[in-house]
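With chain A held as given, fit chains R and V onto it using these hints.
So the chains spell out like this:
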Amino acid sequence: MTTNNKAERQIEVLLTCDEDVILARQKIRTLSTEIGFGMLDQTRIVTAASELARNIIVHAGRGKVVAESLAPRPGVRVLFIDQGPGIRDLDTVMQEGYSSVGSLGMGLKGAKRLVDEFDIKTQAGAGTTITIVKWLPTD
Amino acid sequence: MTKKNLFHELADLFRDYRNEIAELWQRQLIAAAGNVITTIGEENIRKRSEELLGRLIKSMPAGDDVKAQAYDPVRKYIQSLSVDLTAANCTPGEVATYIFSLKDALLSTSQGKFPQKGRLNEAVTLVNKLIDKLGLISIETYLETKEKLIREQQLSLIETSAPVVKVWDRILLVPLIGIIDSERTQVVMNNVLSGIEETQSKVVILDITGIPAVDTLVARHLIATASAVQLMGAHCVITGISARIAQTVIQMGIDLAGVNTKATMADGLREALDLLGQKIVKHSIKGDLNE
Amino acid sequence: MNEVTILKLGSNIIVPIQVELHDRAAIKLQEDILARIEETGANGLIIDVSAVTIVDSFLGRLLGETARMAGLMGTKTVLVGMKKEVVMTLIQLGMTIANLNTALNLEDGLGILERLKTKNNQAAGEGART
Chain A
1333 MTTNNKAERQ IEVLLTCDED VILARQKIRT LSTEIGFGML DQTRIVTAAS
1383 ELARNIIVHA GRGKVVAESL APRPGVRVLF IDQGPGIRDL DTVMQEGYSS
1433 VGSLGMGLKG AKRLVDEFDI KTQAGAGTTI TIVKWLPTD
Chain R
448 MTKKNLFHEL ADLFRDYRNE IAELWQRQLI AAAGNVITTI GEENIRKRSE
498 ELLGRLIKSM PAGDDVKAQA YDPVRKYIQS LSVDLTAANC TPGEVATYIF
548 SLKDALLSTS QGKFPQKGRL NEAVTLVNKL IDKLGLISIE TYLETKEKLI
598 REQQLSLIET SAPVVKVWDR ILLVPLIGII DSERTQVVMN NVLSGIEETQ
648 SKVVILDITG IPAVDTLVAR HLIATASAVQ LMGAHCVITG ISARIAQTVI
698 QMGIDLAGVN TKATMADGLR EALDLLGQKI VKHSIKGDLN E
Chain V
593 MNEVTILKLG SNIIVPIQVE LHDRAAIKLQ EDILARIEET GANGLIIDVS
643 AVTIVDSFLG RLLGETARMA GLMGTKTVLV GMKKEVVMTL IQLGMTIANL
693 NTALNLEDGL GILERLKTKN NQAAGEGART
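Protein chains in written order, with this note's numbering: chain A, 1333 to 1471; chain R, 448 to 738; chain V, 593 to 722.
Read the hints as simulated data drawn from the structure, not as lab findings.
Be careful, since some hints might not be right.
[Said to hold, decoys possible] No more than 20 Å apart at the CA atoms, straight line, and that leaves these computed lysine to aspartate or glutamate pairs for EDC-like:
| id | chain 1 | residue 1 | chain 2 | residue 2 |
| --- | --- | --- | --- | --- |
| 1 | R | LYS560 | R | GLU645 |
| 2 | R | LYS649 | V | ASP700 |
| 3 | A | LYS1359 | V | GLU699 |
| 4 | V | LYS711 | R | ASP714 |
| 5 | R | LYS709 | R | GLU644 |
| 6 | R | LYS649 | V | GLU699 |
| 7 | R | LYS649 | R | ASP714 |
With the rest of the complex left out, here is chain A:
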């Protein structure tokens, strides 16, 4: 990520089952509210988080979500970390029009459209880390 911003407040949720995805969503919602995001942006952030957390459960089985508030430029950064099989052929997955609704690609591309910064680091057999950032609008 291209930011020198420091993390202010941090939350962490372990993902092992469907219920954990809900817990992660709720905690990220609370954090986003505290940072000052409006309803629409909150919904975008939490929806993106929901897509990416589900991917971990479905494709890696387990992992974790780390969310932090950023300063001095206010925003939120969320990391989705797993030690799963990794994403093979990432470019194809991220291609527009590649995936069908509900598949891995739909979740990733959809999530990417909802946030300001999106970064994937993945290695076959070694896991995946996805980082998303949403900045608080200035006006």
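Structure of chains R and V alone, referenced to chain A:
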């Protein structure tokens, strides 16, 4: 080092001949009878020329890096001059030409003042380069002013051109004007959905009469807006489909099949009333305007 | 907990989703709704999402599917009360829920079901005459 000395030397020379240079420059401008002099007047331009020349002589010993701090007074003066002149209807080319014409006055003043061999040539090159750079500042200023204006206009367009009007009980009208990009679409969508929420409207008429062209991208934005309206629980009718738009939509293979479209806003209003189970009928009493 | 109440009102089934559904719970809800339709032979189904703050691609797809499944069983579905923020996010995600009846609120939703029923009856009546 000699180059730096030359700058000093020239600055001294121009300071000594300051009045002559200004006079030469002015006469030349009058002779050329350019737009610059006719729009803001001889006296006005003379005062400005003298001021500019004075500032230039002060900055010159610093060299020819016009972006340097020493040239701040010169740059600022050219910038405000450029803004004033273009505001008075001079073209950016005319403003630059005005500044370039200072060259002749400076060069003819330099003639015969450098007895040392080759020194005059150096001086000529130097003055040429320096004045060229100053002329460019005026053009850059013009472009920056223009860009700033365009940005401001775009912003105001985004803000003002997405009005949502309640035209009838539970019917909203959204006249779209100008360019539809993803940023605009987000604004329009937000306004429309808020409007639906506030007025509990059942039908939204999206009128695209004011949109110059519908390409694949614009169509995608329109379809997205229509889908959003529908997900909220209201109907969307897109009106203002001209013959030309109908042609391009079909020829480009854009699928508008899932969208309710009508040619005119009046058709759209009729459709909206129909969807609400309402109808406008003539009453038996003749109106004042009725034959 | 996490159970969604499924109400029966006349010949319609009403499902107000009041809790945040995880994926398994959403799948179970779909099964429960379809079972209830089978059991009651309901003509109409209203899914009220006015209390739902997040619809991601999974839940969005599931809702659309449920409506189509109900349709196969002869039951018309109306999705009512989707929040503005949820709508905009779904559209940005790239989701469209095609051919789905929607309404602003429960009342309008019931009105739509009523009209669809009359249309159906008329169509059936006309069919019988020819």
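Original post:
Which hints, by number, does the structure contradict?
Top reply: 1, 3, 4 and 5
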